[in-house]
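Chemist: Taken in sequence, the protein lines are chains A and B.
Mapping of the first sequence onto the working numbering: residues 371 to 612, in sequence order.
Mapping of the second sequence onto the working numbering: residues 44 to 511, in sequence order.
The hints are simulated quantities; they were obtained by calculation from the structure and are not laboratory data.
Even glycine gets a Cβ: it sits at the ideal position worked out from N, Cα and C.
Each hint should be verified, as a subset may be incorrect.
[Unchecked claim] The following label-pair restraints were derived from C-beta to C-beta distances:
| id | chain 1 | residue 1 | chain 2 | residue 2 | range |
| --- | --- | --- | --- | --- | --- |
| 1 | B | Asp475 | A | Gly414 | 54 to 62 Å |
| 2 | A | Gly444 | B | Ser311 | 49 to 57 Å |
| 3 | B | Gly454 | A | Gly444 | 50 to 58 Å |
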Amino acid sequence: MKLSICWLYGSSMNIYGDRGNVLSLAQRCRWRGIEAEIVQLGLGDPLDQGAHDIYFWGGGQDREQINVSADVQGAKGDALKAEIEDGAPLLSVCGGYQLLGHYYRPADGADLPGIGLFDATTTAGNERFIGNIVVESREFGELVGFENHSGLTHLGSNAEPLGKVRVGRGNNGVDGTEGCRYRNAIGCYMHGALLPKNPKLSDFLIRAALRRRYSLDVLPALDDSLETTAHASAVGRALARR
Amino acid sequence: MSASSRLDVRLAAGVAAGKLSGRAIRLLGRGGGTAAPGLIANLIEPNILNKLTGKVRDGRIVVAGTNGKTTTSRMLADILERADLRVIHNRSGSNLVRGISAAFAAQSSWSGQPRGDIAVIESDEAAFPDVVRRVNPRIILLLNLFRDQLDRYGELDTIATRWRESFETLRPDQLLLVNGDDPALAAITEDLAAQRRLFGIQESRYLLDELPHAVDSALCRRCGAPLRYSQLFLSHLGEYVCDSCGFRRPPLDFAASDIDLHGLDSVSLRLAHDESILDLSLAIPGLYNAYNAIAAAGAALALGVGPALIAETLGAFRSAFGRIERVSYRGRQLVIVLVKNPVGFDEVLRMLAVGGLSDPALIVINDLDADGRDVSWLWDVNVEQLANGSSPIYTSGIRGADMAVRLKYAGIATERIHPLKALANSFEQFVDTIPEGGSGYILPTYTAMLELRRMLAHRGVVADFWEQ
Ligand SMILES: [Zn+2]
Numbered sequence: 371m372k373l374s375i376c377w378l379y380g381s382s383m384n385i386y387g388d389r390g391n392v393l394s395l396a397q398r399c400r401w402r403g404i405e406a407e408i409v410q411l412g413l414g415d416p417l418d419q420g421a422h423d424i425y426f427w428g429g430g431q432d433r434e435q436i437n438v439s440a441d442v443q444g445a446k447g448d449a450l451k452a453e454i455e456d457g458a459p460l461l462s463v464c465g466g467y468q469l470l471g472h473y474y475r476p477a478d479g480a481d482l483p484g485i486g487l488f489d490a491t492t493t494a495g496n497e498r499f500i501g502n503i504v505v506e507s508r509e510f511g512e513l514v515g516f517e518n519h520s521g522l523t524h525l526g527s528n529a530e531p532l533g534k535v536r537v538g539r540g541n542n543g544v545d546g547t548e549g550c551r552y553r554n555a556i557g558c559y560m561h562g563a564l565l566p567k568n569p570k571l572s573d574f575l576i577r578a579a580l581r582r583r584y585s586l587d588v589l590p591a592l593d594d595s596l597e598t599t600a601h602a603s604a605v606g607r608a609l610a611r612r
Numbered sequence: 044m045s046a047s048s049r050l051d052v053r054l055a056a057g058v059a060a061g062k063l064s065g066r067a068i069r070l071l072g073r074g075g076g077t078a079a080p081g082l083i084a085n086l087i088e089p090n091i092l093n094k095l096t097g098k099v100r101d102g103r104i105v106v107a108g109t110n111g112k113t114t115t116s117r118m119l120a121d122i123l124e125r126a127d128l129r130v131i132h133n134r135s136g137s138n139l140v141r142g143i144s145a146a147f148a149a150q151s152s153w154s155g156q157p158r159g160d161i162a163v164i165e166s167d168e169a170a171f172p173d174v175v176r177r178v179n180p181r182i183i184l185l186l187n188l189f190r191d192q193l194d195r196y197g198e199l200d201t202i203a204t205r206w207r208e209s210f211e212t213l214r215p216d217q218l219l220l221v222n223g224d225d226p227a228l229a230a231i232t233e234d235l236a237a238q239r240r241l242f243g244i245q246e247s248r249y250l251l252d253e254l255p256h257a258v259d260s261a262l263c264r265r266c267g268a269p270l271r272y273s274q275l276f277l278s279h280l281g282e283y284v285c286d287s288c289g290f291r292r293p294p295l296d297f298a299a300s301d302i303d304l305h306g307l308d309s310v311s312l313r314l315a316h317d318e319s320i321l322d323l324s325l326a327i328p329g330l331y332n333a334y335n336a337i338a339a340a341g342a343a344l345a346l347g348v349g350p351a352l353i354a355e356t357l358g359a360f361r362s363a364f365g366r367i368e369r370v371s372y373r374g375r376q377l378v379i380v381l382v383k384n385p386v387g388f389d390e391v392l393r394m395l396a397v398g399g400l401s402d403p404a405l406i407v408i409n410d411l412d413a414d415g416r417d418v419s420w421l422w423d424v425n426v427e428q429l430a431n432g433s434s435p436i437y438t439s440g441i442r443g444a445d446m447a448v449r450l451k452y453a454g455i456a457t458e459r460i461h462p463l464k465a466l467a468n469s470f471e472q473f474v475d476t477i478p479e480g481g482s483g484y485i486l487p488t489y490t491a492m493l494e495l496r497r498m499l500a501h502r503g504v505v506a507d508f509w510e511q
């Protein structure tokens, strides 16, 4: 059994340890005897529908975001949307999350178009939200990460947030929402890296991939005691530094 | 076939053995393959080092001292490379005769012709006389002689005596470049046939009030009376005089002044030599690195390299391993290395991985402002290079649990990962896991380093802040 993890724009968009998410997915597959292949898909590389099982898209610098926004328009963005409609799981963080919405509006210059997978728009803000973030998700329970962004994301009426902010700022610092959910796709502002300390989320993505590729709906449990301890300590830190 | 180009079969066989066994050992993944090939090469051709070094056109520079020799020889090698010389250098830090032999074999043709114009050779203190005898150096660079805290009492004097005997064999065309701030080095390099020049610091800032606790009282090597320091810069290095016999720090040929320390980041200084002034701005921290830079610059100037090129190279020099401190505590040697960013952490882990990491390690991760509040950077560190070892790795600090997870996802077996409580409550526990006489590594972030240093000071232990 094998899963292909597709890392979108990994060479140009990989900040704040986002590669930890890819490592988490790959290792949690391997520890269960599932072969995991990591494929980087960069600028100009076509996205073949059906070739990959899990998508990850991390954050980047503003400068990179311009090229990436242009690259993901057209066939590539359409293919990615079709994959998600087909049930493919995806995690996006920060810059990747923003470009999965309708657009990113910088302080000056033209809007960077996204692909509109999420009913969300992002505008550059004046304040940078930096700090530990704790989110309460109906689906995944308590999630913890580290946010570092000035973009303000507002969800449209059709969009479902990933969860409610308990500590931190989240999508825009005002409405108490964090991230976005659509089918098996997740967008959020949580670095950390997110998945290693939130193994439930990691396993949600792997399980969705197995279901889609192998019609398999079981996932053997792993010993997550180190992850659970790290999760609790990060939450404790977030509460203490609030 | 002329005599000069005739193949020296035994030398070629020694070189081949050195090269091949080095490769085989690297392929087997056992350590860095640095010393063992030299051992085999020396068995086949006992004079391999003498023969290979003799063929280096512009001569050999031997760098010796308890601390800083790796940094200093890297600095000097960098300068000479910038001056368009091909430099042979035992970079891997393998500094016994066989390690140096291996480095030369690796950097020679199969017939035994070294691929270099000049050699910078870092030597172990005990091996130093043998190295000098074999390589016939053009310049000997002497940095310092510290009493290693694990050394049995008196070993330093034995080394100083052996070095003195070695110096007495030198010829007038050989140059000793000596740290004049070290009274032991100044004393054992007096009245020789070889030339001697001295470097040191002439500065009234950054003075210590008294000799650090780790330093034994400095005695005059001529008459045995205690030395009096008018200025003390670091450990036992300073401006000294013996009130009993008049022995004093000799006049400096290369004098550093206007030293400016910028925390853990950088240091700048002004180096005066003859009529010329050299302003150095280093991107590595500490007085210890100022000494290393003065030594490297002095040697380069003595070799005729231009001041501008020296300043430029030293300004671009980056420490390979970051900040390293060694302390002896409860009969164990603790090696403490600051980790503060992915690049530095990577280098430290590479150093541990190359050594095979057989000793326990403790990684202490804090997330206070000075450390960076975001610990995401741990995921940008190449922790995977530790996965092949078998030694236990302990984690502590405010975000020690994050580090434990990072280790796990790097493929390190969970049996090797041991999360500990806060440093104050777990430090002794970590020390207990190290066998007496053994060593352990501690890798703290900045504020964890400060906490560790406070704890050690409270226990009466003072570290020498030197990079090894
Ligand atoms: Zn005296």
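Chemist: It remains to establish, for every hint, whether it holds in the given structure.
Modeler: The hints, checked one at a time:
1. Asp475(B) with Gly414(A): 54 to 62 Å: 56 Å, holds
2. Gly444(A) with Ser311(B): 49 to 57 Å: 54 Å, holds
3. Gly454(B) with Gly444(A): 50 to 58 Å: For glycine 454(B) and glycine 444(A) the Cβ distance comes to about 39 Å; the hint is violated.
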